[in-house]
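Asks: When you get a sec, could you build the whole thing from the sequences and use the hints?
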Amino acid sequence: MTKMNKQIRAAAEKYLKDSIVSCVIGYEEDSRGRIRPAFIEDAKDADRLIWNATCNLNLVNYLHQRKLSPGKDQPVPKTAVLVRPCDVRSINLLISEQQIKRENIKLIGITCPGTEINGQPRTICQFCMERTPVDWDVLIDSDQPIEIPSAEDIYEDIKEMENWTPAERLAYWQKEFDNCIRCYACRLACPGCYCYECVSEQVDPHWTSIALDVPEKMFFHVMRAYHLAGRCVGCDACEAACPMNIPLSRLNRKVAREILEMFNYKTGDDPEEAPLLACFDPHERLRT
Amino acid sequence: MTTQFEPKIVSFLCNWCSYAGADLAGTSRISYPQNIRIIRVPCSGRIDPLFVVKAFLDGADGVMVLGCHPGDCHYQQGNYYAQRRYAIMHKLLEFTGVEFERLYVDWVSASEGKRFATVVTRFTDQIRELGPLKLNENNKYLKEKLPEVAL
Chain G
918 MTKMNKQIRA
928 AAEKYLKDSI
938 VSCVIGYEED
948 SRGRIRPAFI
958 EDAKDADRLI
968 WNATCNLNLV
978 NYLHQRKLSP
988 GKDQPVPKTA
998 VLVRPCDVRS
1008 INLLISEQQI
1018 KRENIKLIGI
1028 TCPGTEINGQ
1038 PRTICQFCME
1048 RTPVDWDVLI
1058 DSDQPIEIPS
1068 AEDIYEDIKE
1078 MENWTPAERL
1088 AYWQKEFDNC
1098 IRCYACRLAC
1108 PGCYCYECVS
1118 EQVDPHWTSI
1128 ALDVPEKMFF
1138 HVMRAYHLAG
1148 RCVGCDACEA
1158 ACPMNIPLSR
1168 LNRKVAREIL
1178 EMFNYKTGDD
1188 PEEAPLLACF
1198 DPHERLRT
Chain Y
1193 MTTQFEPKIV
1203 SFLCNWCSYA
1213 GADLAGTSRI
1223 SYPQNIRIIR
1233 VPCSGRIDPL
1243 FVVKAFLDGA
1253 DGVMVLGCHP
1263 GDCHYQQGNY
1273 YAQRRYAIMH
1283 KLLEFTGVEF
1293 ERLYVDWVSA
1303 SEGKRFATVV
1313 TRFTDQIREL
1323 GPLKLNENNK
1333 YLKEKLPEVA
1343 L
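Chains as they are written, first to last, in the numbering used here: chain G, 918 to 1205; chain Y, 1193 to 1343.
The set of hints was computed from the structure by calculation and includes no laboratory data.
From a predicted model like this one, the values you see are computed outputs, not experimental measurements.
Where a beta carbon is used, it is the ideal one built from N, C-alpha and C, also for glycine.
A hint or two may mislead.
[As the list claims (entries may be wrong)] Some residues of chain G that are not near chain Y, with every Cβ distance over 10 Å (derived):
#	residue
1	E930
2	S939
3	E958
4	L980
5	Q1091
6	E1114
7	A1146
8	T1205
[As the list claims (entries may be wrong)] Computed spacing ranges between beta-carbons, pair by pair:
#	chain 1	residue 1	chain 2	residue 2	range
9	Y	G1263	G	P987	47 to 57 Å
10	Y	I1230	G	R951	55 to 65 Å
11	Y	E1293	G	K1076	36 to 46 Å
12	G	N1162	Y	I1230	41 to 51 Å
13	Y	Q1268	G	E1190	35 to 45 Å
[As the list claims (entries may be wrong)] Quick partial rundown of chain Y residues pointing at chain G, CB under 7 Å, derived from the structure:
#	residue
14	Y1272
15	R1276
16	A1279
17	G1289
18	E1293
Replies: Written out as structure tokens, the structure reads:
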């Protein structure tokens, strides 16, 4: 057992034993040796928890199931979550949007060496420059050495696409969106997608039909990218969840890059800050 | 004989400034292209950027969003919110393959009838030069599965 797993289990056990939280959300191994989310409610189950490079979910997503009080006069349940640096930014996003309260959450943070998918390091992790969380209650150091990439090549693929002609970009996205089967796995994997009724399923107003046409799928993905503008933390759980391997992170990273350039704003820096599109500066004149 | 391409342009005009500006252009008998279809909305902040996406996907060749000048909004702040939203949506649409020039966001006040006509004429010429937007062209489901539906 690695030192890191030992520390994660010790932290979870302590939280549950002292009744600081009623549930610890982490990862465990399933019977086929893959990882899956684990919801530990008893201190003696804490040794199920693990962490390895294939853990590429955003566990903050599961906090939505525990953000409301279970009944009248009952407090909101307290939860501990295992978080990577990008997941902590989702925590700050949800706090700034008044979804969760920091005092109900305990963060078991890890310094992240990067995750992988199908044995390959994930693109987004190769580009990630943030390896230590912005906030934590317990910080657990990674076993593996951490290599931070240089800043220049973070947006390499986006810059390349920007040099294409509009017709080429349209053809590229239509080809990619054509693969979409509208399973909404991207939406379910995303901690920022928590509307009770999604625009893509709304009947009144009826924004988009349930057809598998390219325009309908394009509407869904553009809508999702826009609704995540200034809210996407770049954890890339959507792309990892996509069964058709659509490069969704390109859309989100393009928007994040423009927002960084225009407003010098990075999602999840400060839980007290108002959401980007819910405020304005009367003196700004943007190129619209 | 070849007919000239006439673009379909959807324009969202805010009730208090741009719509009144368009009205003034009409009452002053200034002519502007008939390609624009005007939709009157209470404020530029009312126009969800998804309206624009929907218009493009449903066959518009260009979309105009006109509101009050910054500081002049009837509801004090609607156009400031709109400005932020469109700055982002414009970049996103450009990235997904809709030319930057197909969406036009500007401020036109109630007294600027002449300017309204100029803006519309310029934009229509621009779209006419760009040609039709072919977002629906690759829609193989529509072509293969519904041949009997007259398009």
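Asks: For each hint, tell me whether it holds in the structure or not.
Replies: Hints and how they fare:
Annotated as non-interface, E930(G) keeps its C-beta farther than 10 Å from every C-beta of chain Y; the closest such distance is 45 Å. Every C-beta of chain Y lies more than 10 Å from that of S939(G), the closest at about 39 Å, which supports listing it as non-interface. Annotated as non-interface, E958(G) keeps its C-beta farther than 10 Å from every C-beta of chain Y; the closest such distance is 41 Å. Consistency note on L980(G): stated as away from chain Y, and its beta-carbon is indeed over 10 Å from all of that chain's, at 27 Å minimum.
Non-interface status of Q1091(G) relative to chain Y is broken: a Cβ of that chain comes within 10 Å, the nearest being about 5 Å off. With a closest Cβ-Cβ approach of about 15 Å to chain Y, E1114(G) is found to remain outside the 10 Å limit, as its non-interface label requires. A cut-off of 10 Å between C-beta atoms contradicts the statement that A1146(G) is not in contact with chain Y; the least separation is 5 Å. Interface exclusion of T1205(G) from chain Y breaks down, the closest Cβ pair being 4 Å apart, not more than 10 Å.
Evaluation of the 47 to 57 Å hint for G1263(Y) and P987(G) yields a pass: the beta carbon distance comes to about 48 Å. Distance hint check: the CB atoms of I1230(Y) and R951(G) are about 56 Å apart, consistent with the given range 55 to 65 Å. At about 21 Å, the beta-carbon gap between E1293(Y) and K1076(G) misses the expected band of 36 to 46 Å. The hinted range of 41 to 51 Å is satisfied by N1162(G) and I1230(Y), whose Cβ atoms lie roughly 43 Å apart.
Q1268(Y) and E1190(G) have their C-beta atoms about 22 Å apart, which leaves the hinted 35 to 45 Å range violated. For Y1272(Y), the interface hint holds, the least distance from its beta-carbon to any beta-carbon of chain G being 4 Å, beneath 7 Å. Residue-level restraint check for R1276(Y) holds (minimum Cβ-Cβ distance to chain G is 6 Å; threshold 7 Å). Contact between A1279(Y) and chain G, as hinted, is supported at the beta carbon level, the nearest pair being about 4 Å apart and thus within 7 Å.
Because the beta carbon of G1289(Y) sits about 3 Å from the nearest beta carbon in chain G, less than 7 Å, this interface hint is met. Taking 7 Å as the C-beta contact cut-off toward chain G, the hint placing E1293(Y) at the interface is violated, the least distance being around 9 Å.
The structure is inconsistent with the numbered hints 5, 7, 8, 11, 13, 18, although it conforms to all the rest.
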